[in-house]
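Fit chain B to the known structure of chain A by using the hints.
Number of protein chains: 2
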Amino acid sequence: MNKPKAVVLLSGGLDSTTVLAIARDQGFEPCALSFRYGQRHAIELDYARRVARAMGVENHVVAEIDLRVFGGSALTSDIAVPKDRPATEISHGVPVTYVPARNTIFLSFALAYAEVLGAADIFIGVNALDYSGYPDCRPEYIDAYERMANLATKAGVEGRTRLTIHAPLGSMTKADIIRAGTALGVDYGETTSCYDPGEDGRPCGGCDACVLRAKGFAEAGLADPLVARYR
Amino acid sequence: MNKPKAVVLLSGGLDSTTVLAIARDQGFEPCALSFRYGQRHAIELDYARRVARAMGVENHVVAEIDLRVFGGSALTSDIAVPKDRPATEISHGVPVTYVPARNTIFLSFALAYAEVLGAADIFIGVNALDYSGYPDCRPEYIDAYERMANLATKAGVEGRTRLTIHAPLGSMTKADIIRAGTALGVDYGETTSCYDPGEDGRPCGGCDACVLRAKGFAEAGLADPLVARYR
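Residue numbers (my numbering), protein chains in the order written: chain A, 1 to 231; chain B, 1 to 231.
Bound conformation, chain A alone (with noise of 0.2 Å):
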């Protein structure tokens, strides 16, 4: 029997990539999206595709949407990325990496792309426990998407399937998303997780995502890969 096919949202970073098997190992086909939307960082582009291709996955989409159109956010023009701030202090605040409405805009590409594939699943790494403070990462705004989306499509018009969002990571610490992930067997090698990497990718050790990577590793009591990667 053929598997449903469920549309995840892939970054190459360390959750999204986790969600992917996660979703895999639901019973799922998972479908990749990926987005070049004018990221600093867009090498995680090629961990996504990286991350694709190690995890079997046959359907893998890359859409150009360039957000740099409005500007806004550290991850998308010229002001500085924030660096070494205690991961305690992350989670307080809206900090200046924040892309506006950029989860809104992906979960919009998904679900348009969930319609095509005739998918009635769509998976988002998106956890608001060891986050950087983004309002669009919360349980009620994906509750709130959720319903939306039910309402914006044919196939939720028609009747024909209800749309369900999964946000497995929702209330896990980065330590048991890497401890869920390395069970499943994730390679977190093929990840990556900074905001501001070097040319060749070696993550800059300093911003938000790599303070909260790092100390996940250190609670999972396990060895980041990556790290080792670049040694």
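Think of the hints as simulated: they come from the structure by calculation, not from any bench.
Predicted, not measured: the structure shown is a model, and the values here were computed from it.
A hint or two may mislead.
As the list claims (entries may be wrong) - Pulled a few chain B residues facing chain A out of the computed Cβ check, cut under 8 Å:
1. Asp25
2. Ala63
3. Glu64
4. Val69
5. Ala101
6. Thr104
7. Ile105
8. Ser108
What the hints assert, rightly or not - Over 12 Å on every C-beta distance to chain B, these chain A residues come out as not near it, computed from the model:
9. Glu190
10. Asp200
11. Arg202
12. Leu222
Note that beta-carbon positions come from the ideal geometry of N, C-alpha and C, so glycine has one too.
This is chain B only, laid out in the frame that chain A set:
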């Protein structure tokens, strides 16, 4: 005193141009947002630029997003645009010109633009009466979108602004829309509606959008200046 900014989704068509005039009449400074999304009728962007200029819009962003990457619609692929359907049949069922999740994607970009501008108002020309049966034109969809949007953004989370999605054409007939726009000084000769225009912009006269437009002008007892232009 500065007028509050509002993002207006502007296709260059009859409905969105009327909405632009309504937003201006309500005391907003309209900031227009259009999309090059791989539509076969990309000539509408020339109309959008002309309309924006004619109406004194200072900020007009054209975002590049390639929706052809997913396929699935007559407006972005080689699927034939249906012709010569009577107006009474057009609003039943979802036709092949439906672009999966298009309004959800457009509103998501409007949300990003509004957040960067510091605007709390978004205008969209959806209409659920003389329309093509698209799920993402219905009032319950717009309400659910607004609710989600207020959980999605930095401004929403920080409680600074409550975002409103205005759909002023809601339940107006096409004739009502044309009368309202005419009263506000809209020159409909500068707008386009056709899904399948000739290279010079000449409307086909047979697609759903042309049929609904002709019916609207007839019911309003007005001549369509666009018809005169191509005579």
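In rising order, the numbers of the hints this structure does not comply with: As far as the earlier hints go, only 1 is violated by this structure.
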